[in-house]
Amino acid sequence: GAVVSQHPSRVICKSGTSVKIECRSLDFQATTMFWYRQFPKQSLMLMATSNEGSKATYEQGVEKDKFLINHASLTLSTLTVTSAHPEDSSFYICSARARTVDGYTFGSGTRLTVV
Amino acid sequence: GEDVEQSLFLSVREGDSSVINCTYTDSSSTYLYWYKQEPGAGLQLLTYIFSNMDMKQDQRLTVLLNKKDKHLSLRIADTQTGDSAIYFCAGVGRDDKIIFGKGTRLHILP
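Chains G and D supply the protein sequences, listed in that same order.
Quick note on numbering: the first sequence equals residues 1 to 115 in this note's numbering.
Quick note on numbering: the second sequence equals residues 1001 to 1110 in this note's numbering.
None of these hints come from the bench; they were simulated from the model.
Heads up, some of the hints might be wrong.
Here are a few chain G residues that sit away from chain D, every Cβ distance over 12 angstroms (derived from the structure) [to be verified]:
no. : residue
1   : Gln29
2   : Glu59
3   : Lys64
4   : Thr80
5   : His85
6   : Pro86
7   : Ile93
8   : Gly107
9   : Gly109
Some, not all, of what chain D presents toward chain G, calculated at C-beta under 7 angstroms [as the list claims (entries may be wrong)]:
no. : residue
10  : Pro1039
11  : Leu1046
12  : Lys1102
Quick caveat: nothing in here was measured; it's all calculated off a predicted structure.
All residues carry an ideal CB built from backbone N, CA and C; glycine is no exception.
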């Protein structure tokens, strides 16, 4: 089935630095990828929808200048958390839309800790 | 927009059946999904049901859909310790985005 590879799985960074998270669709082309954030013991909150070759669409309340999304190819989307602060510490998960009936495939997530 | 509600916790004895319930508001979703999330991991698609079906069975999993009441349930037969996880009910909103419930944490008692 469709596989989405997400890296890194864990990252610890200093406050003020930037972190890049990659999401790759391994055996299919993903024209649309979704980025979610999950706080402890909570559901997934959609942050943005990225479409290959165009600007991402951000959900209300998500700072586009802080969470930079690039979807330059049909198999790769990246999320960069810029000038990270401790409140950005969270679990980030990407999802890609595959052209199958069970169409949404999720990455394994990235645990970001900002110290 | 779409809203998906589910209870937050469920405790079940090992070997018993678990039933996780979900209600939703938007009936336009062609498919409804159940995802499983183990600690520190991403989401794993467990099963899905097409919106014109009432029931789907897949080994130990049974999904029931009541479209009139907008109610979806997941039954896990013979619950095992490996079933301990968070289970998310999800539908697809009119803008093609997945909408998740808050997740039900399934705890298995020995």
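If you test the structure against every hint from before, which numbers come out violated? Failing hints, ascending: 2, 7, 8, 9, 10, 11.
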